[in-house]
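Asks: For the sequence shown, our numbering begins at 92 and goes up steadily by one.
Hints are not guaranteed to be accurate.
Said to hold, decoys possible - Listed next, the in silico PhoX-like pairs over lysine-lysine satisfying Cα-Cα at most 20 Å (straight line): (1) 337 with 201; (2) 406 with 304; (3) 337 with 325; (4) 255 with 201.
Claimed, not checked - Listed next, with one range per pair, are the computed distances between beta-carbon atoms: (5) 229 with 395: 47 to 55 Å; (6) 312 with 172: 31 to 39 Å; (7) 265 with 311: 27 to 35 Å; (8) 393 with 166: 46 to 54 Å; (9) 314 with 357: 27 to 35 Å; (10) 402 with 203: 28 to 36 Å; (11) 219 with 349: 30 to 38 Å.
Since the hints were derived computationally from the structure, they do not count as laboratory data.
Every value quoted in this text rests on a predicted model; they were computed, and no experiment measured them.
We put the CB at the ideal spot given by N, CA and C, even for glycine.
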Amino acid sequence: MIKTGHGCGAETGIAPQRCQRGRQALVRDCGEYVAHDRVASRTRSSRPSASKRHGHVRDVLVQVRINAHTCPRGKLEEYPALPEAGATSGALPGPAFAEAIAQVACAVGKDDTLPVLTGIQLRHDQEDGTLTLAATDRYRFAVRTIAWKNCDLTADCTALAPGKPLLDAVKAVADDTTIDLALPDAAGVNGLFTLRTDHSTTTLRGLEGDLPKYQSLFPTEFNHTATVEIAALKDAVQRVALVAAKESPLRLTFAADDTLVLEAGTSDDAQAVDNVDTNLDGDELTVAFNPAFLLDGLNTLTAESVDFHFTTSTKPAVLRGHGSDEQALRYLLMPIRVS
């Protein structure tokens, strides 16, 4: 829907989210128009920056310099009513919130038959004044905490947002200084998330259910810790993984001489071996991971080096940026058993 008024224009949509954005426009006639989304989106994405839109009785005309597109108009009375946005729960720094969402989004599940795992969980901690984001697809768990700029909530609460729509919504406002966030009310009456900035409002319908309790999954004591430069490790993983069949394990041996040996393939197939420097605290061990999942974790860390924390080679490993604080990303990765 395109709504025009003196001084600005706004576009809104719903399916399953609502997004409203204000844009400065030269308005000749005020009104509301419904343009078919598929045609309007293609027209919008292909036009140069200098463009005009005109509403006619039957159609919406998009004029771009000497070119023009006409989009069929829909019936305004058939356009669904937009949901009412909830009260603001608190304000978050825009760039930091966008970075945190992008970091945990790498672990969002893609199996639509398990809708809970396609979401990102947002948990408010009243005592610490923080918002913790979490996502999992059963094979890894990403958790990141961010501090509120200010918060109006008075008790702990947890809600589950659709992962991909939330990521897209936050990307669109990542450059805004502040994002006002409204979480679904405690009673779950509206079930809506709302993100507001000075120029836009986006509302997402939440998911039902809860993610597994991740606190008990993350070990607090470790027998082995290894520090590796992320850039060198990513390059080595990509080289070695070239010979690995889809979802075949990548074997990592953290040796006592502070060398990390990476191996993939079998004796009956192509094989690859590479190594990088590491700093190992603990006994030598060998562990195997899905190379794509390992790369996802490395790509989301913002530090120059990664700390691998292990209890044993068959238990989940925890990846963290070297020297990071308690609020930084924690990436729990399940190993693959190999004979």
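Asks: All hints, please: hold or fail.
Replies: Outcome of the hint check:
no.	hint	in the structure
1	337 with 201	17 Å, holds
2	406 with 304	17 Å, holds
3	337 with 325	18 Å, holds
4	255 with 201	9 Å, holds
5	229 with 395: 47 to 55 Å	30 Å, violated
6	312 with 172: 31 to 39 Å	54 Å, violated
7	265 with 311: 27 to 35 Å	33 Å, holds
8	393 with 166: 46 to 54 Å	48 Å, holds
9	314 with 357: 27 to 35 Å	29 Å, holds
10	402 with 203: 28 to 36 Å	33 Å, holds
11	219 with 349: 30 to 38 Å	37 Å, holds
Figure legend: structure checked against the earlier numbered hints; hints not met, in rising order: 5 and 6.
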